[in-house]
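Enquirer: Taken in order, these protein sequences are the chains called G and E. Using my numbering, the first residue of the first sequence is number 12, and each one after it goes up by one. Using my numbering, the first residue of the second sequence is number 943, and each one after it goes up by one.
Keep in mind the hints are simulated off the structure, nothing from the lab. Be a bit skeptical, because a hint or two may be false.
To be verified - With beta-carbon atoms standing in for the labels, derived distance ranges: (1) S100/G / M1168/E: 27 to 33 Å; (2) Q983/E / G64/G: 50 to 56 Å; (3) R1137/E / S100/G: 22 to 28 Å; (4) S1115/E / N228/G: 51 to 57 Å; (5) T194/G / M1168/E: 38 to 44 Å; (6) G64/G / G1140/E: 42 to 48 Å.
What the hints assert, rightly or not - Stretch-level coverage of chain E by chain G, calculated; a stretch enters the list once three of its residues show a Cβ under 8 Å from a Cβ in chain G: (7) 1094-1104; (8) 1124-1130; (9) 1139-1149.
These figures come from a predicted structure and were not determined experimentally. Yeah, the Cβ is synthetic: ideal placement off N, Cα and C, and Gly gets one too.
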Amino acid sequence: MIRAFGIVIMLLSSLSFFGQNSNIHHWASGSIQHNPIDKLKIETEIQYRLNNGGVIGQRSISVDAQYQIFKPIQVSAHYRFSQFPNQHSDINHEQWANANRWGAGVEWAVLETWMKKPLLSINYRLQWQSESYLFLRNKNIIRQRIQIAPNWKKQKWTPFIQSEWFYRTNQNQYWLADDLVITGGSREWRHTGGIGYKFNNQQKIQLFAMYRKFEINKNDQLIFGLNYNYKINGRR
Amino acid sequence: MKKIIFFSSILALTFSMSSCEKMAGPGGSSLIRGHVNGSNQHTGKSEIVQITVTRGIELEHGDYFILNQANGSNFYFWFNNTTWVSDGDPHLMGRTGVPIIFTYNDADTTIARKVNDAILSVMSNSFDTQLNGDMVILTSKAHVAIPDPDDVTTSFLIDVSQQGQADDMDAPSVLPDEKVYLVYGDGEYYNESTRTGGTGDFQFENLQIGKYKVYVLSMDSVTGNMTQKIEQSVEITKDESIQELSTFNIVY
Chain G
12 MIRAFGIVIM
22 LLSSLSFFGQ
32 NSNIHHWASG
42 SIQHNPIDKL
52 KIETEIQYRL
62 NNGGVIGQRS
72 ISVDAQYQIF
82 KPIQVSAHYR
92 FSQFPNQHSD
102 INHEQWANAN
112 RWGAGVEWAV
122 LETWMKKPLL
132 SINYRLQWQS
142 ESYLFLRNKN
152 IIRQRIQIAP
162 NWKKQKWTPF
172 IQSEWFYRTN
182 QNQYWLADDL
192 VITGGSREWR
202 HTGGIGYKFN
212 NQQKIQLFAM
222 YRKFEINKND
232 QLIFGLNYNY
242 KINGRR
Chain E
943 MKKIIFFSSI
953 LALTFSMSSC
963 EKMAGPGGSS
973 LIRGHVNGSN
983 QHTGKSEIVQ
993 ITVTRGIELE
1003 HGDYFILNQA
1013 NGSNFYFWFN
1023 NTTWVSDGDP
1033 HLMGRTGVPI
1043 IFTYNDADTT
1053 IARKVNDAIL
1063 SVMSNSFDTQ
1073 LNGDMVILTS
1083 KAHVAIPDPD
1093 DVTTSFLIDV
1103 SQQGQADDMD
1113 APSVLPDEKV
1123 YLVYGDGEYY
1133 NESTRTGGTG
1143 DFQFENLQIG
1153 KYKVYVLSMD
1163 SVTGNMTQKI
1173 EQSVEITKDE
1183 SIQELSTFNI
1193 VY
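Bound-form chain G, shown alone (with noise of 0.2 Å):
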């Protein structure tokens, strides 16, 4: 436990010291998760994305729910509230703007498919979602992203890799004459890192840090999270 949290503080360190880049940004999450049923799991999380020097660029509360449909694969549903630094408050007078986003997706865990027990996980996601915003076009969104992690099952660490891509769906739009033209176009590349850490059944926590490379624009961002998470019947 002492050595968990000396390498936490450690590496909220160096954060401060990559914070001085203006392409820094920082996570932070606590999340509930229950299981009602073996092969369901919910989860609710609170998250705060800061920009550099601490203000807040969006925070949010989220709900999940995943169900294992059957072994290798898993569906979700998903729905976040969020609120950002309000653009447009020369029209509505409100600091913050609020964002709706819903979601459904499908994730396999590909080598689990042939074998029992692999080293390895690999597991792959799908995922559909569509967000609404105040003063802002809607993002309707494909995610496609791909995790790769050690089965250590008696191991208190567990890192992990993951690339995640989205694509917009309605990414550009525009008026050609009278009719509206909608295209879609690649959005942004999550490339990610990370560490998880059990302290027990109950709690864990994980460390990653996640390269964003944004395709509409040259605002590539380096982030660094942390998330807490608890768990209410941990003995499941």
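Assemble the complex: chain G is given as a structure, and chain E must be docked to it using the hints.
Expert: Structure of chain E alone, referenced to chain G:
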């Protein structure tokens, strides 16, 4: 603990319901477009006439000069020395004669005052006058072109220092590169603006359902500045729709 999850979900859904309200502004899929025509207004000039008079000793009984008006009602002003028994009126055809009684002892400033009074007595609707020593300065009240005056038999100096010119307005034509303003809802200040293209057309894209006001600026007829709002209101009632505005006709 199940209750925590349950209430968290309810909380999230409550946020969801409270934040779904849409209002006029960006972030939609509708379009407002229109067209701007403009007429170029050339502002005319008043005619300014300067009459420099002489002393009474330099005038003779029967000397006269002529002044004209834009409406064609013209005058001649003749000098009448009452010590003379002969008729000094030149009796010009097509003009109205106005006598100015003088003596040989009159100073030039006295002659200037008498000329000023005589002009005001018949032409005050057409000219404003100003006395400046031996000068009478006439300024036409309207922007008009007036046939030139003449000193004829007097020794006065009569100059047209500014030729009158009528106001003029071109026929309306498409107005490129004109700024057009968009106001969301019932706001007082504009939220975004655009400019007309080469054909005088403009459009505002990505708008949500709601009420909007669009305006362009035209020349104020009193001040001559581009400050008069020409405004139209429009309401977008459904997504992915086009709202066509009437043509804006402005004066610049």
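Enquirer: None of the hints should be skipped; say for each whether it holds.
Expert: Here is what the structure says about each hint:
{"no.": "1", "hint": "S100/G / M1168/E: 27 to 33 Å", "result": "holds (30 Å)"}
{"no.": "2", "hint": "Q983/E / G64/G: 50 to 56 Å", "result": "holds (54 Å)"}
{"no.": "3", "hint": "R1137/E / S100/G: 22 to 28 Å", "result": "holds (26 Å)"}
{"no.": "4", "hint": "S1115/E / N228/G: 51 to 57 Å", "result": "violated (41 Å)"}
{"no.": "5", "hint": "T194/G / M1168/E: 38 to 44 Å", "result": "holds (40 Å)"}
{"no.": "6", "hint": "G64/G / G1140/E: 42 to 48 Å", "result": "holds (45 Å)"}
{"no.": "7", "hint": "1094-1104", "result": "violated (count 0)"}
{"no.": "8", "hint": "1124-1130", "result": "holds (count 3)"}
{"no.": "9", "hint": "1139-1149", "result": "holds (count 3)"}
Hints 4 and 7, counting from the list given before, are not met by this structure.
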